[in-house]
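Model the full assembly from the supplied sequences, consistent with the hints where possible.
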Amino acid sequence: MTTTAPPEQRISFPVTGMTCAACQARVQRALRAEPGVSDATVNLVTNSAAVVYDSATVTPQRLIDAVRATGYDASLPKVEGDAIHEDDRAAAEHARTLTTKAIVSVIAGVVAMALTMMAMGSTAVNLGLLGLTALIIGWAGRDIYRSAWKTMRHRSADMNVLVTLGTAAAFTYSTVATVAPSLFSRNGIAPEVYYEAVIFIIGLVLAGRAIEARARGRTTAALRRLATLLPSSARVEQSGAWRDIPLAQVKPGDVILVRPGERLPVDGKIVDGASEVDESMLTGEPLPVAKTTGDSVVGGTVNATGSFRYVATSVGSNSVLARIAKLMRDAQLSRAPVQKLADRVSAVFVPTVLAIATVTFVVWLAIAGVAALPHAIVAAVSVLIIACPCAMGLAVPTAVMVATGRGAELGLLIKGGEILQRAGDIDTVVFDKTGTITEGRPRVSRVVPQPGVSERELLELAAALENHSEHPLAGAIVKAAGERGIGAKRVEQFRSLTGSGVTGLVDGMSIAVGNAALTRELGLDLSTPDAVPVGESELFVVADRKLLGKIVVADIVRESSRSAIDRLRELGIQTVLVTGDRRAPAESAASMVGIRTIVAEVLPEEKVDVVKGLQRDGHVVAMVGDGVNDAPALAQADVGISMPKGTDIAVEASDVALLRSDLNAVPIAISLSRRTMRTMKQNLFWAFVYNVIGIPIAAGVLYPVVGTLLNPVIASAAMALSSVSVVMNSLRLRNARLV
28 MTTTAPPEQR ISFPVTGMTC AACQARVQRA LRAEPGVSDA TVNLVTNSAA
78 VVYDSATVTP QRLIDAVRAT GYDASLPKVE GDAIHEDDRA AAEHARTLTT
128 KAIVSVIAGV VAMALTMMAM GSTAVNLGLL GLTALIIGWA GRDIYRSAWK
178 TMRHRSADMN VLVTLGTAAA FTYSTVATVA PSLFSRNGIA PEVYYEAVIF
228 IIGLVLAGRA IEARARGRTT AALRRLATLL PSSARVEQSG AWRDIPLAQV
278 KPGDVILVRP GERLPVDGKI VDGASEVDES MLTGEPLPVA KTTGDSVVGG
328 TVNATGSFRY VATSVGSNSV LARIAKLMRD AQLSRAPVQK LADRVSAVFV
378 PTVLAIATVT FVVWLAIAGV AALPHAIVAA VSVLIIACPC AMGLAVPTAV
428 MVATGRGAEL GLLIKGGEIL QRAGDIDTVV FDKTGTITEG RPRVSRVVPQ
478 PGVSERELLE LAAALENHSE HPLAGAIVKA AGERGIGAKR VEQFRSLTGS
528 GVTGLVDGMS IAVGNAALTR ELGLDLSTPD AVPVGESELF VVADRKLLGK
578 IVVADIVRES SRSAIDRLRE LGIQTVLVTG DRRAPAESAA SMVGIRTIVA
628 EVLPEEKVDV VKGLQRDGHV VAMVGDGVND APALAQADVG ISMPKGTDIA
678 VEASDVALLR SDLNAVPIAI SLSRRTMRTM KQNLFWAFVY NVIGIPIAAG
728 VLYPVVGTLL NPVIASAAMA LSSVSVVMNS LRLRNARLV
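The numbering used here puts the sequence shown at residues 28 to 766.
In short, the hints are calculated from the structure, not lab data.
The hints are all genuine.
Straight-line C-alpha distance at most 25 Å; calculated DSS-like pairs for lysine-lysine:
| # | residue 1 | residue 2 |
| --- | --- | --- |
| 1 | LYS442 | LYS353 |
| 2 | LYS442 | LYS367 |
| 3 | LYS278 | LYS353 |
| 4 | LYS516 | LYS573 |
| 5 | LYS353 | LYS296 |
| 6 | LYS506 | LYS516 |
| 7 | LYS708 | LYS367 |
| 8 | LYS442 | LYS708 |
| 9 | LYS278 | LYS296 |
| 10 | LYS296 | LYS506 |
| 11 | LYS639 | LYS442 |
Simulated DEER-style distance windows between Cβ atoms:
| # | residue 1 | residue 2 | range |
| --- | --- | --- | --- |
| 12 | LEU103 | ALA275 | 14 to 20 Å |
| 13 | ASP644 | SER344 | 38 to 44 Å |
| 14 | GLU519 | GLN477 | 23 to 29 Å |
Since this is a predicted model, take the numbers as computed values, not measurements.
C-beta atoms are modelled at their ideal positions from N, C-alpha and C, and glycine is treated no differently.
Laid out in structure tokens, this is it:
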């Protein structure tokens with residue numbers, strides 16, 4: 028039987044040649060215009076595109092061709108890990124090339140300025156400067172001019188076009204003044220040259236891009252760190268011998284040996300041995316986790332103490348680490364709704380700047396006549412150079428990338444810019460109880476032996492029997508015994524008594540472990556039992572009809588629950604507990620963590636009604652649950668936040684996935700969202716204000732007051748600084764104090 032891929036698919040691929048928001052917008056429009064494409068997002072920071080498309084209508088190669096038709100280049104995606112490393116190498120090489128060209132150009136500009144000042148009007152010097160400028164244009168500025176030509180061929184315009192027109196105008200004017208100065212002298216115009224301005228403009232534009240490229244690299248630091256967590260090879264058992272093979276050759280079912288201090292190459296399940304594993308890279312928990320036969324392990328974690336063998340279960344793109352990397356990359360490619368404002372402005376920005384530059388040139392000539400030609404050229408060139416669509420294109424995506432990376436470092440996988448923006452508006456958080464406010468798995472909270480009996484002896488006898496039981500409370504006792512290093516004793520004549528407990532022979536003694544009903548069946552009098560707090564269960568241990576003590580098991584409240592609720596309250600957010608559990612344990616758990624509003628004894632579909640009711644009342648609601656029976660409510664909420672289940676991240680129904688069972692991540696997520704939105708608005712504000720103020724100054728509105736025009740070199744420095752400042756402002760999120 029053959030199967031077909033689902034028609035709706037998502038693909039991410041690199042796009043090269045983009046330098047500003049106009050480039051980004053052009054590629055995005057082209058992709059969205061393709062038949063079968065339901066959504067397309069182009070990211071200037073990562074130089075990549077993410078497309079949701081109907082595979083029955085359009086192919087990935089058709090999408091690549093659509094990008095190339097706009098004048099930019101694209102290629103099909105590579106394997107995730109290889110792509111990250113290769114992108115890093117390419118980005119680093121690109122930044123080095125830009126830096127070299129920028130340094131040489133700036134030095135050449137200094138030389139050109141010195142020669143111009145020392146030998147003003149010298150034909151020989153001017154000819155030398157003409158050659159130097161042509162060399163810088165052809166070498167350092169080649170990519171700028173080539174990109175501009177491609178863009179103009181497709182009847183469009185971007186930042187490269189502005190720089191090209193400005194420098195070409197200044198270079199052409201200077202060339203004519205050098206080879207035919209009489210043309211200017213006859214009209215009373217001094218044959219001035221602007222070679223140093225052309226060189227400086229190219230140098231400063233490249234310097235800005237180099238700084239920007241290096242700063243952009245820091246925005247993807249979290250994603251790059253994930254790519255370095257896996258070793259390059261694995262020690263696999265083949266034909267009875269251990270062989271080191273490349274990681275790419277490991278297959279599900281392979282048996283792998285891991286020794287102390289080594290990093291696990293793939294996900295799997297332990298089949299022999301025991302150890303402690305440092306999972307901090309995944310969960311953020313500082314202490315190693317005890318692992319033994321049957322436990323799952325995750326590739327990229329570090330084996331701390333013992334040695335063990337495990338069978339590979341998930342490799343390559345199916346591994347936990349690869350899924351996290353994919354989620355992060357998808358999130359960083361996504362767009363926040365606030366980006367739409369920048370997109371609308373960017374769509375008309377470059378044509379508007381060209382029009383303003385033309386009007387500036389004409390107005391100068393109209394007011395001051397042909398004698399003002401040098402002023403007209405300087406003003407028009409300054410307008411073209413100072414305008415910066417780059418800053419607007421970087422304002423939102425850089426903030427999204429830094430914030431999603433910071434979130435991952437804090438144990439949060441945020442699905443994208445839209446979620447990041449929406450989370451900041453949350454005013455109500457609804458919590459599930461079991462597995463969310465509480466740990467969701469019973470644990471031994473107290474061991475209470477009778478006089479003359481030790482805790483170890485009590486646990487040892489109980490664990491011997493419970494090791495044969497499937498009851499959740501039995502698992503808690505067995506786990507507690509294992510944590511104390513207590514081995515399992517042999518059991519004979521094991522019996523499970525439904526509703527009361529278990530019995531069997533251990534070391535020749537008749538042992539029973541169960542509830543009060545079982546003790547009564549055995550003839551023991553517990554007429555004055557201790558009061559048991561709501562949510563706890565007592566298991567009594569009896570040997571030869573003599574009470575040895577009791578073990579109290581409870582689904583205990585998470586240590587982080589109380590502090591998380593307090594932090595949410597500080598943020599002005601109300602909290603609600605919604606559970607299918609009985610009213611009494613729900614109220615007990617709520618009172619312990621400080622939640623005042625409780626809805627108990629509801630079915631999963633009724634949780635959806637609770638969320639809908641809050642939304643109807645005008646609240647922006649986040650739902651925090653375990654991602655299984657809470658899936659409908661998670662999907663209904665404005666922001667669904669899922670708790671981790673071991674290493675399986677419940678992300679399908681949620682917008683934010685927690686990598687560790689720490690509820691403090693919830694207020695951190697909201698705080699991060701609010702800080703990110705502030706950063707986005709700051710970036711957009713300064714990008715807009717910069718152009719609103721800078722372009723009129725470049726056009727010469729202050730000339731009647733100060734008597735001078737803005738030098739094109741200063742304009743190019745200001746343009747480069749505006750883009751760099753937006754990226755640097757976004758990078759502040761990496762160290763921002765949250766909550």
